[in-house]
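Asks: Chain by chain, the residues:
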Amino acid sequence: MNNPALEIQIIAVIVAVACALPGVFLVLRGMAMMADAITHTILLGIVMAFFVTEDLSSPYLILGAALMGVFTVWLTELLHQTKLLGKDASIGVVFPLLFSIAIILISRYAGSVHLDTDSVLLGELAFAPFDRLLVFGVDIGAKAIYVMGIILLIAVIAVIVFFKELQIATFDPALAAALGFSPVLIHYGLMTMVSVTAVGAFEAVGSILVVAFMVGPPITAYLLTNHLKKMLVISAGIGAFNGIVGFQLAMLADVSIAGMMAVVTGLVFLLVFIIAPEKGLYTGMKRRKMQKKEFEKALKNLL
Amino acid sequence: MSSLIQLFSDYTLQIVALGSGVLGLLSGVIGSFAVLRKQSLLGDAISHAALPGICLAFMLTGIKSSEVLLLGALISGLIGTFFIIKIVNYSNIKYDNALAFILSIFFGLGLVLLTYIQKLPNANQAGLKNFIFGQSSALLIQDVEWMIGIGSVMLVLVFLFWKEFKLLAFDEVFAESIGFSTQKINLLLSGMIVLTIILGLQTVGVVLMSALLIGPAVAARQWTNRLNIMVFLAAIFGSVSGIVGTVISSVVTKMPTGPTIVLVLSMIVLFSLLFAPGRGMIWTLYLRNRQKHYLKEKLKTEEGAA
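Protein chains in written order, with UniProt numbering: chain U, 1 to 303; chain W, 1 to 306.
The following block holds chain U by itself, in its conformation from the complex (with noise of 0.2 Å):
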């Protein structure tokens, strides 16, 4: 495989699904801001993990990610316990702080190496194929498809081995607690999941725009469906969708791959959001008008 362009797209399609997944019982919780600040935090736990190791591409930086990830949850969390601020601002509080902190780490000890905050916050897919996979001395192609097709592989694995642990925790925490499923394993089962998937994807899309393909695809599949597998279903082919269109229309236009990415997300959900069959604008306005007439007709009947 020697394609830049098929192997950006193979990335684009993986990194897309393997967000799109935990993004779906994200959305559903209402906890899209919290994906928000660990992807932004997950950057103290790689530039942490980077002064231990000194490398950059040891495996110690995904789990120094992850940790920070759950750090994050529990620290937002031992705030809001505390009554003292609510849970947005405990978020708004916590996120600024250790993002701070990791960006002030970079510039000031890490200038001379590959760390810097525009790759991490901005990412850049364009430069993924030129990071390869060796085996023995063979070029078996793109690490980031390996890294992310682990990482796509692991979340397949988990929804669909704790599919039941996550719809009921997700949708009836009491009812899951009742039944002696642990909500608070799940829920940090799942940000760790998060956290995971934000560490793999930075790296070709940026921090900010993993939310938008965590966040972009559920959203838009929770317009069309109201069943949970469907909804799943329907936000991988839409992210896979997103994650091609964008890129090719990247290409077009000479722009940043992840952005028009985004951009394309962002459309597609404007789309959706006006024709959706049953919960789009459109339907709505019309519904309104016809019980508008509907009621007319009656009160006239009724004088």
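Calculated from the structure, these hints are not laboratory results.
Any given hint could turn out to be false.
Unchecked claim - Derived lysine-lysine pairs resembling BS3-like cross-links, with alpha carbons at most 27 Å apart:
#1 164(U) with 230(U)
#2 292(U) with 279(U)
#3 38(W) with 86(W)
#4 279(U) with 289(U)
#5 184(W) with 86(W)
#6 163(W) with 83(U)
#7 163(W) with 87(U)
#8 279(U) with 229(U)
#9 184(W) with 94(W)
#10 289(U) with 94(W)
#11 286(U) with 230(U)
#12 83(U) with 166(W)
#13 87(U) with 38(W)
#14 292(W) with 83(U)
#15 86(W) with 286(U)
#16 38(W) with 94(W)
#17 86(W) with 292(U)
#18 86(W) with 230(U)
Fit chain W to the known structure of chain U by using the hints.
Replies: What follows is chain W alone, placed relative to chain U:
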């Protein structure tokens, strides 16, 4: 000591510190209402949503003056807010999800425009990226004058609409029932939040601006239960962290301004959460311990009596 005096007589630093101080004061005041209304994270979404506006304004005019760019930021920030409100109103998508969605999509659009601009032959674009993390050393005296001008107007507005804002912050339904148009007050407040964020973009950047809105208010809330004192304290906390953060970032090399201000602010927040009398964590722990002790003692004496 002489180096300190030299430092504070530095004209650039004076301007920059003044700018950050004014910014901190404003975001303390406006942020208090945002936090009390549980709209803390709206600021995060708005600041990210401002990025495409900055780029578009530059593309359309080719000028890199703050007024033009910030006008673009203002417009796209308002459009982002409008979208968030419409998504929540016209579908059953949760507020948090809508925020994160608009935030990331607008930021993505901003990136697309940014990479497009970078390929233009116009060499003037170099500073646009500074809006992501902020670069207060680029502040000019005119920028600070703008800040002070717009800031004064907003402070006067807060003073004039004090009881309306207070009502809205604590009991929206009551405000509506006694005849205030909560929609209009809400719009005014949201508009001021957007404006404050836009003013801060140059100094702290889009990623961290929301922290400046939330931090002072959260810290101030711990020390008092009165709104006027809270707003006053938030203004002080905000401006102190703005000034101290800016000074540190200009004295120590390779200290980006935005993150340094957030760091100083976070120290104030942490201190307040821990040590504020009556509410703070240490205080609560002490009270709980004393209660435990008291109960134990009482149990002992009762056992003795029995």
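Asks: Each hint should be assessed against the structure and marked as holding or not.
Replies: Going down the list of hints, with the structure as the test:
Restraint check: the Cα-Cα separation between residue 164(U) and residue 230(U) comes to about 15 Å, which is no more than 27 Å; the hinted pair holds. Annotation: proposed proximity of residue 292(U) to residue 279(U) holds, straight-line Cα distance about 18 Å (limit 27 Å). As the CA atoms of residue 38(W) and residue 86(W) are separated by approximately 18 Å, the hinted pair is consistent with the 27 Å bound. Of the pairs offered as hints, the one joining residue 279(U) and residue 289(U) holds, with about 15 Å between alpha carbons and a cut-off of 27 Å not exceeded.
For the given pair, residue 184(W) sits about 16 Å from residue 86(W) by alpha-carbon distance, which is consistent with the 27 Å threshold. For the hint pairing residue 163(W) with residue 83(U), the CA-to-CA distance comes to about 26 Å; that is within 27 Å, so the pair holds. For a cut-off of 27 Å, the pair hint linking residue 163(W) to residue 87(U) stands: about 26 Å separates their Cα positions. Between residue 279(U) and residue 229(U) the alpha-carbon distance is near 18 Å, which keeps this suggested pair within the 27 Å criterion.
For the proposed pair residue 184(W) and residue 94(W), the alpha carbon gap of about 23 Å is at most 27 Å, so the pair holds. For the hint pairing residue 289(U) with residue 94(W), the CA-to-CA distance comes to about 25 Å; that is within 27 Å, so the pair holds. About 26 Å separates the Cα atoms of residue 286(U) and residue 230(U), which keeps this hinted pair within 27 Å; it holds. Using a Cα cut-off of 27 Å, the hinted pair residue 83(U) and residue 166(W) holds, with the two alpha carbons roughly 21 Å apart.
With a C-alpha separation of about 9 Å, the suggested pairing of residue 87(U) with residue 38(W) holds against the 27 Å cut-off. For the given pair, residue 292(W) sits about 21 Å from residue 83(U) by alpha-carbon distance, which is consistent with the 27 Å threshold. Distance hint between residue 86(W) and residue 286(U) is fulfilled; the C-alpha atoms sit about 17 Å from each other, no more than 27 Å. For the given pair, residue 38(W) sits about 14 Å from residue 94(W) by alpha-carbon distance, which is consistent with the 27 Å threshold.
As the CA atoms of residue 86(W) and residue 292(U) are separated by approximately 22 Å, the hinted pair is consistent with the 27 Å bound. Only pairs whose Cα atoms come within 27 Å are accepted, and residue 86(W) paired with residue 230(U) is accepted, the gap being roughly 26 Å.
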